[in-house]
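Student: Letter by letter, the chains look like this.
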Amino acid sequence: MISQTNAEGLQRCIKCGLCLAACPVYKHLLEETAAPRGKVQLLKALQSEGLTSSRYLEEIASRCLLCHSCAAVCPSGMETGHLIAALRTELLQSFGLDWKKKLAFRHLLSEGGHLGLALQMAQILRSLLPSRLKVAGSQLSDLPSVPFRSLRDQVPERIRPARVKTTVAFFPGCLIDTVYPEIGRAALSVLQALGVEVIIPKGLVCCGTPLLISGEREMLAQNLKQNVRELLAPRVDFIVTACASCGHTLKKEYAYLLREWGEDDALAAKMGEKVRDISQFLTDQEELKGLLSPLPMTLTYHDPCHLAKGQGVRGEPRGLLKSIPEVTFSEMAEADVCCGGGGSFQFYFPEISQQIVSSKAENIRKTKAEVVATGCPACRLRLESHLGTRDSRVKVRHTVELLAESLKGGKKR
Amino acid sequence: MLNAGALRRLEQIVGKERVKAAPEDLVTYSYDAYLKESLPGAVVFPQSTEEVSAILKLASAEQIPVTPRGAGTNLSGGSIPVPEGIVLCLTRMNRILEIDERNRLAVAEAGVINGDLQKAVEAKNLFYPPDPSSQYISTLGGNVAENAGGLKCVKYGTTRDYLLALEVVLPSGAVIQTGSRTAKNVTGYDLTRLLCGSEGTLGIVTKVTVRLLPKPEVKRALQAIFPDLGEAGETVARIIGAGIIPSIMELMDQAITGAVEDFTHMGLPKDVEAVLLVEVDGKKEMVEKEISQIAEFCQKGGATEVKVARSEEENEAIWLARRSVFGALARLSPSTFSEDTTVPVSELPAMLRKFPQIAEKYKVRIAVVAHAGDGNIHPCLSFDERDKEEMARVELAAQEIVAESLALGGTLSGEHGIGISKARFLPMEFNPATLQIMREVKRSFDPLGILSPNSFISQKLKE
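Order-wise, the sequence lines are chains A and B.
Numbering follows my numbering, in which position 113 of the first sequence is assigned residue number 113; successive positions increment by one, without gaps.
Numbering follows my numbering, in which position 451 of the second sequence is assigned residue number 451; successive positions increment by one, without gaps.
Same shape as in the complex, but just chain B:
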């Protein structure tokens, strides 16, 4: 619980209406999309950068932990608060301030929903590519903090690749500006990129300036069925190696395909090891040419069936399979946790072969869906949280996935963040000197250590 004095001060800053501390409010801010939960002391909804700054000044003076939060779709637990702390929720700072067509950029407050920005810029024939599967609800501030990715990263990169400038409030309450409205900028340290993906540990982003692209003319999807998972992986590596850049390239293994088929009854074969889904976008002639090249790679690579969409409806029908993945999985067992390991694309086939072995070794269920084009793999572990013995095996399997991925030159997380979910694995990827410099970065931004108490760099919540 927060002390009465601090609560009163918060009310003075934003008004009584925007401070919530009833038990009912606290329950609804005790979680994000990760498994764990912990009640906060209070929830505050600032509406301006000045208010965020005043709240952080108060928090610094009283050494109150602050957990910044957008829509709470964080998959790694970084938005889970602590009982003596404040949840600083940015959903009310949701104005799109500017769409500059001549410079192809947009300026928006941190609480703007990703999908709302996409819709607004598309109306002007522009395009904001980052599309995490939470796109219709997650906020830009959260996307920046987690460096959110999505399906289109193989061609368009992640949130980081679209950031031009940020307005950030430091834990002390000081407001800083990073970057500029220019396409090029090498002035000083690149704080924009340091803050992006910092998981709310260094400062609270209040305003975001993003780069936009012209909207692609057309897009076309393809579905290829592979009896052999390894061959599907090889085909992905060959397509990328041939210089083709699809806008999306997704791979679903047998377990996922079977679950999706049981859920959607869309006619997917349940006896094949992989389904590859590819989309190409751009100018019409180019798209036609590349999609037939990809179809050829698939056929030569061992695909038994290749289906190219001929219309927008057929495009949609193909993506229905991918969109149904988590729904299908959620129905299979009480709990599912999606790992987020990422390897160099050329190592994708090798990594894909490991999952059945790991599943066999620890007697756990692992279903694999991968953003194959960028090497980002989501092995989904299904389990019953109440079964302690099963949980122990799941933990060992997760650790082995990390070890195997690192051995192939991979990394712990491609887009979900480390948070509290994978913090224990950090020493497997970084040597002590690397971890030390990260702690020093944290200390120089947040000397009192009040920001994001549950994160990869500090963890108050007990596992």
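Bound-form chain A, shown alone:
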């Protein structure tokens, strides 16, 4: 049954319904089963045995992006995301994991997993398939190509600039490591220019976000403990990541989960306090502004859920982007509404996901920006394939890539 922490959390719901207005999934389905309030009531019913586990309940529980938008507006301060994750874990006891997820989790995301290799295989397979085939509403040809070498294959474990000011551990995260190593390289180059020594501990594994959202607790616990060990081993001032979801999980979820499991959370909390999103870390580096050279372009910014709502980081990336000379910043409507990705959500509910990302793309186009910046590789992946064809699309870039570009221009001039 659900933990004491979550059981107490459930009692705080006053059923006011304000979470319905914030929920991207409810806004499209307009049914209470899709609403955060509805799911909280279902968990309550399950707990009081007014309801039993069912496949339908499992479907309802998975119809959530875990974007934490509901928690951000809840007057009672409910952590609805945690409750829904707990509901999924509960249902997993009855039905087990989908075989596809089981296979993927066991072989790709655990220690010694082969995510990079699998993506390479997928890449080869993809070249054999018709390019108009769709995956989660995206044409195969619109998805990014997977680079041959992962970030961690490209860079050494320790990168020392000429003069060392601070030392940080860098948590690359699976997507940046294997699909977008250029985001990682950009982050490392900016850090280097600022005299930051970077350590990427060899033993880091997937942060566990995909496991957490699937309710798979056992493997999550292994990954969690290994990452805490690896990140606390070297002597560093901060732990920096450029992935919104990894950052949120490391910073907020690890300690919460351990408390929920009735385990000691001291080490995870200590680790969590050191975690900074790259945009937070760079905002504190005052000399950065002086190093930036002009980047004449119109930019807009998409708030990743796990950064804006998960970590409360909204102003920092905007501040950094606006500090680049000659950037015209054009704020989009509903900038902090989810892109519709939600991890496996987009594969299980392609139609809902498609509707959500279409409104997002429309809001982006209205700004007339050439580039949409964001702070999460998963948002980038979701947005990229929905912003026009390969040649005419609005480009999606991580905030730190634009900073790196601006810094590089400085060197040239």
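Simulated from the structure, these hints should not be mistaken for laboratory data.
Watch out, some of these pointers could steer you wrong.
[Stated by the list, open to error] Stretch-level coverage of chain B by chain A, calculated; a stretch enters the list once three of its residues show a Cβ under 8 Å from a Cβ in chain A: (1) 20-26; (2) 64-74; (3) 134-145; (4) 332-346.
[To be verified] Computed cross-link-like contacts, DSBU-like style, restricted to lysine-lysine with a CA-CA straight-line distance of at most 30 Å: (5) B:LYS16 - A:LYS44; (6) A:LYS44 - B:LYS36; (7) B:LYS460 - A:LYS15; (8) A:LYS27 - B:LYS124; (9) B:LYS460 - B:LYS442; (10) B:LYS155 - B:LYS284.
Source: prediction; values computed, not measured.
Glycine included, each C-beta is placed from N, C-alpha and C at the ideal position.
Given chain A, work out where chain B should sit, using these hints.
Tutor: Leaving out everything else, chain B in the frame of chain A:
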């Protein structure tokens, strides 16, 4: 549970996809924003007036109770269904059909979200004033049924003041039209106003025609700190008496202010009895003049600090306090119930003095936030529902609040509705003849008594 035959007929009317009766669906339609819960027999999502009519014809033929519902933000329990009944959910009827700039009106289906209509008309420089705190999710149909108010009622009135015409499906399935697109209309009984605030007991609103206003040019907010609650109340009465009509005038007592400060850390003093928040809107020159007049009233009335916003950001900062009220309260105790009593504005100071006495007498916690400008007060009672003895004292305190308010010429509810939450107090406000004529009105619209089984006029759910 609904019988299989009726369920099949519902599916024939709207299609299998839009009838839900799995246990999981029923759980999620067993509540609104009030404390009680009760499972329905089925939930149906019509998409047109014809479908609503067909469902009600079926319900009449089989005598099945029907509970109409929008977003389920009802604070008085009128959207809570009964086990043998149907929840008729209008969220899928959500098209804005027309925005007529020349006649300054809009026509929308009942399931349109209040905030969506506001956004659409504001894009055309128009303005739909009713703004209940559920505005970003509650539906127009629900707003009409409850005659929803909000912060701006002191100047702009409630939902009722913006209704021109309604399309309504009666319990028999007959579709009626009330009102017209005209600014003036005295033809026949004013059914529009009868249906508005009828809490879904007479008919189901499917289409709403509302009056719009030009969008005010500017707005400006002010925050005044009063060491004495009575003086704050007097100041409100004096501002209204002087002929100034603020767009918003909100009052928070010491308990609320303290809770908001603990929650937001925005720098509110915790040792004062009242904080008054005022907003004025309109033409720039007028707004400037009135806000300084109000500031003067506050200073003369005993305010120790008066802060006038100088920018949109400062306006927002002032309203943050008010917007945080329920969040702050919800963190104080397991359950909170907001009463909704309303008195004539001149009696506001007298009513405000009663709350500390009532709280003391029954040893309950009462925190007060008031739409002071219109006399609508939300004394928030905090309690633990599991504590039976405390609940009994809360009940007595609530009853005394009602009695005191009525003695001052007030009313039970200003904007939340009676529903099942305050039905037991109705005889305190109405004499038997008044209650009787209301029952007769109900009977002539709904002779079988199938509509909104849990309401002020009939109550199936046991307290």
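Student: All hints are to be evaluated individually against the structure, with a verdict given for each.
Tutor: Hints, verified against the model:
1. Note: the segment 20-26 of chain B has 5 residues with beta-carbon separation from chain A under 8 Å; the three-residue rule is met and the coverage holds.
2. Restraint check on the segment 64-74 of chain B versus chain A: 3 residues with Cβ-Cβ distances below 8 Å, three needed, restraint holds.
3. Using a Cβ-Cβ cut-off of 8 Å, 4 residues of the segment 134-145 of chain B lie near chain A, which meets the minimum of three, so the contact claim holds.
4. Taking a C-beta to C-beta cut-off of 8 Å, the segment 332-346 of chain B contributes 3 residues in contact with chain A, enough for the three needed, and the coverage statement holds.
5. Between LYS16 of chain B and LYS44 of chain A the alpha-carbon distance is near 28 Å, which keeps this suggested pair within the 30 Å criterion.
6. A C-alpha spacing of about 14 Å is found between LYS44 of chain A and LYS36 of chain B, which places the hinted pair at or below 30 Å, so the restraint holds.
7. Note on LYS460 of chain B and LYS15 of chain A: the hinted pairing holds, with a Cα-Cα distance of about 21 Å set against a maximum of 30 Å.
8. Only pairs whose Cα atoms come within 30 Å are accepted, and LYS27 of chain A paired with LYS124 of chain B is accepted, the gap being roughly 24 Å.
9. Note on LYS460 of chain B and LYS442 of chain B: the hinted pairing holds, with a Cα-Cα distance of about 16 Å set against a maximum of 30 Å.
10. Straight-line distance between C-alpha atoms of LYS155 of chain B and LYS284 of chain B comes to about 17 Å, which keeps the hinted pair within the 30 Å bound.
This entry satisfies every hint, going by the numbered hints stated previously.
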